[in-house]
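Asker: Next come the chains, spelled out residue by residue.
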Amino acid sequence: MLAACGEEETSSDEERDPDKLYIPIVSKGFQHQFWQAVKQGAEQAAEEFDVEITFEGPETEAQVDKQMDMLKAALDKDPDALGFAALDSQAAIPVLQGAADAGIPIVAFDSGVDGDLPITTAATDNKAASALAADKMAELIGEEGKVALIVHDQTSVTGVDRRDGFLEQMEEKYPNIEIVDVQYGGGDHLKSTDLAKTIMQAHPDLDGFFGSNEGSAIGVVNAVREAGKEGEVTIVGFDSGKQQIDAIKDGVMAGAITQNPIGIGYETVKAAVDAINGKDVPEVIDTGFFYYDQSNIDDDEIQAVLYE
Amino acid sequence: MKPETNGSKVEKKPFKLPIKSGAIQQLLAFASLIVLLIFFSIASPNFFQFSNIVSILLSTSVIGILALGVTFVIITAGIDLSVGTAMTLCSVMTAVFVVTWGLPTPLGVLLGILTGALAGCLSGLAVAKMKIPSFIATLAMMMIAKGLALVISGTRPIYFSDTPGFSEIALGSIIPGLKIPNAVLIFFFMAIFGSIILSKTVIGRYTFAIGSNEEATRLSGVNVDRWKVIIYTIAGLFTGVAGVLMASRLNSAQPGLGMGYELEAIAAVVIGGTSLSGGKGTMVGTVIGALIMSVLTNGLRILSVPQEWQTVVVGIVIIFAVYADILRRRQTA
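Taken in sequence, the protein lines are chains A and B.
Following our numbering from start to finish, the first sequence increments by one per residue and tops out at 312.
Following our numbering from start to finish, the second sequence increments by one per residue and tops out at 334.
Extracted from the complex, chain B is given alone in its bound form:
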């Protein structure tokens, strides 16, 4: 076997499907999702019901949108640890604009989303202009956002009780008759929006270029620093949308939440086949990754698997998702 290693590598080539290698990873993730759905449907009659599928989608929406945003950053071979607490800051700011200042809800929501973009922009500036590694820059932003959320709110939750219709942003149904909450529709809209940016625009092209080979991109005359700031800002926009949805779902801004959400978002991105070493990834993959996480936790809860074990299982899934990515890279190398 061993002396043939080189030979077998060559022989494996015909097995490669005539599609882009990223697509294989996505197919694998999608297949895992289907397998999970089938497994839980058989295991419990309470799993595959319209109401449960809707609540899985709803519980995916906030983390899912965070994950979509952080996908951009991870494709550039960076990381954004601030998305969880920045999301909380956005929800607090939305509450300040709408409840405390009494601005019209749409304007308050817009400003809340822009708070996320601003946080992203600042992280981007720290990474691109100050040359601080993204891990550190966004770790700092995580703390800044957490602190600001607490300071601005006075450490107390702000309620939207007197803002009629605020909870409808996430929980209402914009399409009459279709019992799917808006949060789910917004999640899919953001996924399509992210997908278009990534695959059809110059921003997307530079996102991949920077992640594949930053130096080469720079040498070919691209203003890498400027694009990085733009990419982090876009990721921040997604964070802002997630923050508004969270506030709407809770009908309040809870300044103490958000820590740990960034890790769930990053896990969804990784399970979806986006490589932490940059240059590869898709929005569809991230959507599937986020869905795998929620289907897993939902299914295990319905089966009454103790919560401690649910966490262990998700950890194991992440290991295998990354291992699959490494195997694929070895094959294509």
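Just chain A, same shape as in the assembly:
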């Protein structure tokens, strides 16, 4: 079974060019559209900077142990730098410590690793992304009215940042928009649906709804559909996925923020090359994000960053 898994991932291993820098990238997965786009970005950078990369990841995001094996195998190949997106940031520390001690620069991407082992982290600035969602929402409802939020949770970094990014932007820039409620659905589609319906019941004159991740945004869409309020309530979502894309095409959802996986891959390799060459690398690299709606959903640039 191990052999079967290894086949597709290590093909470039044999033909490694000894003159090129070698940077293995261990991601959280490789099958999903999102990770394929990260890979694409990494390959772009590899070509641009003329370095050798390998890109691998476990089949599901629950396989922490498998990712550990991949990480160890990558380090055994004596790389010049390492790109790593931790499935479990704690579990990886001992192995990463070994790499850091051996002087291998580590670039974290997508999600950080606890401690200061990585020289930098290339990820989405969730606060800024949500602030853009707030701007779009304000624009769509004419900069005044009542808005509610369904957030995926109140303890994770992404949940907190996306909530606060949206709320702070509204508070600062749009005094005529009132945030009437913030509820947490755990990213659970069904719970988010029920939450959103009740919020609409409590505030029949609600103008806008922000859903902070795929499950939350779909919950809002379901609720608006079930309540028959399509077109009355403006929905702005976050992330991608088939149901969100469909909802935007149907016009039930106005638009959504998507992260930039290609940028994540590109910046990871670029930062690794910079580190090897002794250049200064910022502590955090904001890899950017996009707002997509009916008008640009079919653009190549957007299609490249959407994942079903």
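Hints are computed from structural coordinates only; laboratory data are not their basis.
Think of the CB as a built atom: it goes at the ideal place given N, C-alpha and C, for glycine as much as any other residue.
A few of these clues could be false.
[Claimed, not checked] Listed next, the in silico SDA-like pairs over lysine to any residue satisfying Cα-Cα at most 25 Å (straight line): (1) A:Lys233 / B:Leu179; (2) A:Lys233 / B:Ser174; (3) A:Lys70 / B:Gly155; (4) A:Lys131 / B:Glu309; (5) B:Lys180 / B:Ile193; (6) A:Lys43 / B:Lys180; (7) A:Lys24 / A:Lys131; (8) B:Lys180 / A:Glu234.
[What the hints assert, rightly or not] One side only, chain B facing chain A, incomplete, derived with CB under 10 Å: (9) Leu149; (10) Gly257; (11) Ser305.
Use these hints to put chain B onto chain A, whose structure you have.
Answerer: Relative to the frame of chain A, chain B by itself:
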């Protein structure tokens, strides 16, 4: 006061209503529900409206049906922790049958429901034949179902976008003119169905008998093991129906959901007066218990009570519901 303890206990007897003790608990639960409804209606004009009552009923339906199923198991003095994730497995299997295999929707739905029955049957076999405590057996089933749902779906949601009418199963209205979603009607139908099994059939009689005194039931010649398997299988059927309804409402099978739903279902059963020590309980109680939970969360949300506090309030309600049960047992003992 103290020396009279025995005396006062005897004196209390005349206060007992001339109805079965289980009914008192139910009346208490029903009264609480009415009080909550009145309270929220006064507190917010947005609460007591047809659309909101319908959405309360709709949001009760999935957890409510799970709770009806688990009521059987709890009356036997067992527990079923697998209902939440088994429900998710059922929704994934329904999607596999209908979307991936392209089976006709009614057949796919039937097979999805039977997946639940199969999971229940396996839990029942583990409890009855392997003598594994139900807490452990169904905990294992919870993990098996969660894992299988993820494996079978490839960890990705499966959408019913190309199955026209699938979302109508839960959200359509089978009775024209009546703006009540089918999910609500199915919930009440399942409650009546469960009630009939529990009170009118031999399965129901043995459910209570096993819960009251398993050993005595066995000694009186009943094949307790076989009945346990049947009871867990019936509970699984309810899980299957809930799974189909959830999939229909979301128009997709979401393999990551389901964890934690079992605890909400068990809470509804307990609030409805079914005793975790077995032998007592009703389907009507469970319906009321599930409604109390949804009315509470809905009402508190409408009043914009922070969500963290909603959870605290539901916890307090569970404590009092169980305390009321203990008080009643002391009185009747």
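Asker: Checking against the hints above, which ones are violated?
Answerer: 6, 7 and 9
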